Every structure is written in structure tokens, then in C-alpha cells.
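Trainee: Given next are the chains, with one letter for each unit.
Number of protein chains: 2
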Amino acid sequence: MPVNLTAPVAAQLLPVAGVLLGVAEANIKRPNRKDLLVMQLCDGARVAGVFTKNRFCAAPVIVAREHLAQVMGSDGIRALLVNTGNANAGTGEQGMQDARTTCAALAGLLGCKASQILPFSTGVIMEPLPVARIAAGLPGAVANMRADNWYDAAHAIMTTDIVAKAISKQVMVDGVQVTITGIAKGSGMIHPNMATMLGYIATDAAIAQQQLQSIVSEAANRSFNCITVDGDTSTNDALMLIATGKAAMPEVKAAGSSAYNTLLDAVSEVAIWLAQAIVRDGEGATKFIAVRVEGGRDEEECKQIGYAIARSPLVKTAFFASDPNLGRILAAIGYAGVADLDVAALRLYLDDVLVAENGGRAASYREEDGQRIMQQSDITIRVVLSRGAANATLWTCDFSYDYVKINASYRS
Amino acid sequence: MPVNLTAPVAAQLLPVAGVLLGVAEANIKRPNRKDLLVMQLCDGARVAGVFTKNRFCAAPVIVAREHLAQVMGSDGIRALLVNTGNANAGTGEQGMQDARTTCAALAGLLGCKASQILPFSTGVIMEPLPVARIAAGLPGAVANMRADNWYDAAHAIMTTDIVAKAISKQVMVDGVQVTITGIAKGSGMIHPNMATMLGYIATDAAIAQQQLQSIVSEAANRSFNCITVDGDTSTNDALMLIATGKAAMPEVKAAGSSAYNTLLDAVSEVAIWLAQAIVRDGEGATKFIAVRVEGGRDEEECKQIGYAIARSPLVKTAFFASDPNLGRILAAIGYAGVADLDVAALRLYLDDVLVAENGGRAASYREEDGQRIMQQSDITIRVVLSRGAANATLWTCDFSYDYVKINASYRS
Chain A
1 MPVNLTAPVA AQLLPVAGVL LGVAEANIKR PNRKDLLVMQ LCDGARVAGV FTKNRFCAAP
61 VIVAREHLAQ VMGSDGIRAL LVNTGNANAG TGEQGMQDAR TTCAALAGLL GCKASQILPF
121 STGVIMEPLP VARIAAGLPG AVANMRADNW YDAAHAIMTT DIVAKAISKQ VMVDGVQVTI
181 TGIAKGSGMI HPNMATMLGY IATDAAIAQQ QLQSIVSEAA NRSFNCITVD GDTSTNDALM
241 LIATGKAAMP EVKAAGSSAY NTLLDAVSEV AIWLAQAIVR DGEGATKFIA VRVEGGRDEE
301 ECKQIGYAIA RSPLVKTAFF ASDPNLGRIL AAIGYAGVAD LDVAALRLYL DDVLVAENGG
361 RAASYREEDG QRIMQQSDIT IRVVLSRGAA NATLWTCDFS YDYVKINASY RS
Chain B
1001 MPVNLTAPVA AQLLPVAGVL LGVAEANIKR PNRKDLLVMQ LCDGARVAGV FTKNRFCAAP
1061 VIVAREHLAQ VMGSDGIRAL LVNTGNANAG TGEQGMQDAR TTCAALAGLL GCKASQILPF
1121 STGVIMEPLP VARIAAGLPG AVANMRADNW YDAAHAIMTT DIVAKAISKQ VMVDGVQVTI
1181 TGIAKGSGMI HPNMATMLGY IATDAAIAQQ QLQSIVSEAA NRSFNCITVD GDTSTNDALM
1241 LIATGKAAMP EVKAAGSSAY NTLLDAVSEV AIWLAQAIVR DGEGATKFIA VRVEGGRDEE
1301 ECKQIGYAIA RSPLVKTAFF ASDPNLGRIL AAIGYAGVAD LDVAALRLYL DDVLVAENGG
1361 RAASYREEDG QRIMQQSDIT IRVVLSRGAA NATLWTCDFS YDYVKINASY RS
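Sequence order for the protein chains is A and B.
Under the numbering used here, the first sequence has 245 at position 245, and the numbering climbs by one with no breaks.
One gets the numbering used here by counting positions in the second sequence from 1 and adding 1000 to each.
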């Protein structure tokens, strides 16, 4: 079961003016499962996003990037199309054609150009996309479109997720209330640069294209790029930010303005909640672990050490066992690749318990204190490097029997 | 059970003139277990080695490096002392004292200086070394010393190993037969730069100090630095090469000479066998996987891609499940960090079966062919990059329930 993550409540998910959502069962991988989502956007809505950095990126990622790059004036993006059950990745030239075909099919139904549709796929890779089944499912998704359909949308994009991930937030921007609602999916192959992770955040705020792009990039840096489940990054990840401009506010045109900062923080908050929800629902996770590295020379070395800890299978299995085997954390710090690190100068804490200093176990440390922290389902590993003022916080989960089970049987 | 790895046969392990080995039960972690090894070297024997690059290296590593650096003439290394059950790592200043104390205790028994002893420890980290128990066990180990004791020695250094690792080889060097015998331990926390891995190789060849060091460094690059079980590197690893000079041959003084090359290849062969044995005995391993990356611009990028594959928990769990989920391999290649990689130009093989080309599944590929290869216990993943002439081969194993089980319960 996910770690301290409760399922969304439909009534708490707020519609975003200018966005309609429709879902359908298209039998993409198996029957009786909502596996198709269409998000239709009002005229004038803007979309910006960040995509996987994997060199082996999937066909829909290439097509979505192309379509976003072509956006001009009234030819803006009119819909997002998401399917689960098949990632359309590692499918070569046929995969590109298939992604374009699904865009054209939806464009035909919505009366727009294929280039105004952004396609997204997630699921098994290297298998041909069942284009005919998707096309056959689209009319049902379009017929299902409603503004208050975020709850079903969050469910339609799930793959190995146990719990749907969705949240809404409202903030005042220059005296006007704006709404932000986000959904995400993902529970394995999670690593920065956003492995098998799809996230869609929409707001009715009015934001110029360039500022929208900088908000989504920075929000991703603060959230999805700070999580790891297993260190694998995927071929298909994307985080998209939609601004419909339906709120009665002047368009945000300057980065750094008060309205910009308010929206950046609010979008980041939604993105962080979604990113942490993905870790809490990490495949087989039984513990949520924050890794905070303080006092580094720069953020880069803090993240380097944080990821060495957060990715270590030995650290993660020890947390699964609730075993305060702290030496494994020290060993991971040691091999993180910070060449001139003075290990005698650093301090290691589990929550508020000092466990190591001076190159070894802290004199004050008692195994029962470590044991007590290890029983918790939310734990913070804190490393104080004492060599600078930079910090970084990452989020990960433990490594359990069920991780192996889920990933050994995913295709069957 | 280990993958195609059979236990050593005592009669096939050849004594190396000038080396005596003694083992004892010192009750370091638990009773009734051989956990102490003393290797006594003849006067004039030389020792060279490579150690972990982990910044958090253990006290015995620091002391062994110190003692090796002090070697001068008749004050050469006279013995190696290995204990299991406790790694004496993350133990601060006390750990340094403890490592020196055990050296002094053995030196007293052998009639040499403490600086002529090299200490090695492996086991749980961050717990105080039980010095008194080790000292009490040493007389028994010294009394047990014999030239034909390699079989017991290989067993005395085991921790989570299921099968002892030992091999002998003889080669002719300039018309003289020389013997090489090696033992190793390790089965988890295995990654290049030699995680929780101890290896001891001895030969009766006569090799000058500088050439001995270059042979052990190069042999480590060809063997222990090409394996990974879980990507973790340890605080204690060491590979030591002993040359007693008892064979009736002129001392090897020139790197690149025919005698040097013969010995380098023979020592490498022993080291590769031991390194592969460690992977075959990888914690919970059910498959031995060679990852060969060909046609890269340089060895560095070949290794980078190879390690991305070999470390991926998703790839490793798919192999455990005998599932030809080849997309996971392609995804790992994609995130390996080779920025300008053209994924459409590469080909991917499972043994001799072409599975992917042109950015997707090969037209000739049939799932049943992939399935057939996946049933094997020894599998080669071959990636042909088609962008240069460099190659690299790494060895790893799959990721099973038992990996999690072993590492979640190691201390209990």
C-alpha cells in the first residue's frame, strides 16, 4: 500500500475554466479499464512543458515537441491525448506514424488540425501502438468531456499506480482568485528527468508563453527532478502546464513579477505534492524517505550525494527492513564521487537523531534511537557536510520484495 | 544457488612456494565459523594492491595502504591478516587503533614489525572491531599455517557468499613453470572499484615492485572493475597480488617484456575468473549476464552505456522474470548520458538474436527467440553502437526476491 497517500476525493478537485476532460475504455492493453484521456482546451489556452531527456525518447514525445514548437497565434494547442497500456516507444518509423494518426483522428473529431493535438503514451515499450483501438475509443472520450472530470482523468492515466494522484489549489493573484488542478501518474522507473511520469497541471491564470515555459521548467526542477524510485528514467515522461487565461487577471508577462512568483510557487506546490505522491506510491514502497544534504559547496554536489544515497539498493533494502544499518548510508556518501570530501567533517542524522560524526558512530548514538526512527513510515536522512552553504532535498522510497515482484511480472 | 559456479576442489588448488595460510574460528560475529585468515609470506616476497576508491574507506584500508607505502628492503610485508564478520569501517579513531592493535598482535606471534602486516576486514560496518576476540584467535590461525591450505582460506574469508571462490593456474615464463593461486570473496555491494570484495592472488614468480603494481592495477581493470551486482561500492575492498620470487626465474623488471605480458595475462585470467565467480554468486542471482558494448567512440562511453544497462533495476528484474522486455534495455541505453547518441543507428542483440535496430524492434525478431535466450542462465546483451572502434564488456547478474531478502536481513 502507498505510504501515507490517500486517494483523491472527486468533490475536492476543482474544475479549471477552459479545460474539459473525457475518458474512455479503449481496450489498449486489457478490457474494462479506462485507458484513454482527452483534455480539450479553450481557444487561446497556452501549453508549455518539459520532456524526458532520455535519448531513446518515444514517438509521442517527438511529435508533442514538434507540435508545441509550431504553436502560433490562433493555431494553438487545442487538446491533449493520453493513452495508457502502450508507450509507443522503441517502435521506429511506424511509431511516429502511429502517433500522428491518433492526433489526426482526434483532430477530426474536434475540428482542428492534427498539429494542435499533443499525444502522450505510457505503458509497455517496443510494442506497436494499437492505433485502431485508440481511434475507436476516441468518440466515447469526446462524448464524455466535462469540466468536473479530473477525478476520472487521474484514474485513466494510471499504470502500476495503486492510488490516483490529483490535487487542487487556489491562490489570489493581484486580487483575483485563480485555480490550479493537477494530476499525475507514475510509480516505477522514477528518477530525475522524470521517468515514466506523466503530469498535467492546468490553471485558469493568464500567462504569456515564455513565462509559462519558465514556470513549468522551474516547477519541474523543484519537484519531479528531485525524486527517484529506482534510478531508471523513461522514454515517455512529460510534465505539461496549461494556462487557459479564463481568470479575470492581466496576463503575466514578466518573470520575477509578484504575480509570476505567486503562480510559480503555487504551481510548484502542486508539482511537489504530485511528485511526492508518486514516490509514496513507488512500486512496492513501504517507507517515504526524504534525503536532505546541507552545507555543500554547491547544489550540484548536494544532489550528487543525495542521489548516491537515494539510489543505493543496499540503503533502500535496509530501510525496508527497518534496520538502522547506517554504514550503508556512509558508504554511499563515500562513493558519490565528491573527490575531496572530508568524511570526518560530516554529520549524519536520522530525523533528529545524530548517528555519525568524526568518521564514525556518534558517541551519543544509541541503536534503540535509530530503531525507533526506522519504524516510522516517513523518515528524513540528513547529511550535514559542513563545507559550504548549499542544500538539496530529494525524495525516495525503500526497496521491497514487492518492487521485484511488480517489475518481474509487469508484462504478464 | 550461484549461477554455474561450482565449489573449489581442495586438491586442485596449488600451493605457492613462499606462502603459508592458517585459519581459525575467532567468534567475531558468531561462533563455529572460520572467520580469521593469516597468510604468512617468505622473506623477500613482494606485495602490491589496489584498494577501494570510496571516500569513506575503512580503517584497515588506511593502515594497509600506510604499511605498503613503508615497504623497504628487508622490512617487506611478512603477513596478511583477514577477518570477516566486522568491517572496522565508519569506526573513527578507535577503528584505526584497533586495526593497528591486530597488526601488532600478529607481529608479536610472527616476530616481525606491526608495519609488516597488512590488515583486511569485511562484514558489518560501523560496529567496533572485537579486537580481543581476534587477538585470541590468532595463535590458532598461526598454528594452523600450511602451504596447502588455500581451500580453507577461501572459506574463511566468505561473508554472504554461498560458494567459496578459488582457482589455480600454471604458466611457463621463459621456460620456467610458475604457479598462480587466487581466492576472493564478495557477493553484494559489487561495483567497479571493487565493492565489499577481497581478492588475494599469489604467485611464485619473481617480479619487481613497480611491475607487480602495474600488473595488479591492470588485472583489476580487466576484471574486478568490470563487474556490478547492485552498483554499491564498499568501504573495504582490496585486491592484493603477492610475488614470492621462489620460482627459478630472473626477476621481471620491464613492463612490456614477454615475461611481463605472460604474467599479466595469467594473473588477469585468474582475476577475471574470480570476478565472474563473484557475480555468479551475486546475492540472489539466478542469471549471469555479460553486457558487451561495441563500436563506441571510446572505451569510456562503452562502459557508460554498459553500466546503465547493468545497474538498471528494471532490466535486472526483467531478466529475473525471463521476460524479454527489451524496451527496458533501450531505455537504459537512452539515459546512459551519451549526449549525441543516435539511437536509430544502434543494434541490440540477445546472444545471437537481433532484437532491435532502426530505433525499434527488428523486423526479423520473434518473441519466442527472445524468450528462448531468456531461459538460459548465461546470457550476453550485445549493443553495437556503430560509431567507432572501441569496446567494453561488463558482467552482472539479475535482481531477485532473494536479493532483497538477503540485504533486508543481513544484520539479523
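Honestly, I wouldn't trust all of these hints.
[As the list claims (entries may be wrong)] Straight-line C-alpha distance at most 20 Å; calculated SDA-like pairs for lysine to any residue: (1) LYS1053(B) <-> GLY111(A); (2) LYS29(A) <-> GLY140(A); (3) LYS1053(B) <-> GLY337(A); (4) LYS405(A) <-> ALA1344(B); (5) LYS29(A) <-> ALA1345(B); (6) LYS53(A) <-> ALA1345(B); (7) LYS405(A) <-> LYS1405(B); (8) LYS1053(B) <-> GLY140(A); (9) LYS405(A) <-> MET1374(B); (10) LYS1053(B) <-> LYS29(A); (11) LYS1053(B) <-> ALA339(A); (12) LYS53(A) <-> GLN1304(B); (13) LYS53(A) <-> ALA1344(B).
Don't read these hints as lab results, they were simulated from the structure.
A quick note: this is a predicted structure, and the numbers were derived from the prediction, not measured.
Trainee: Checked against the structure, which of the hints given earlier come out wrong?
Mentor: Failing hints, ascending: 1, 4, 5, 8 and 10.
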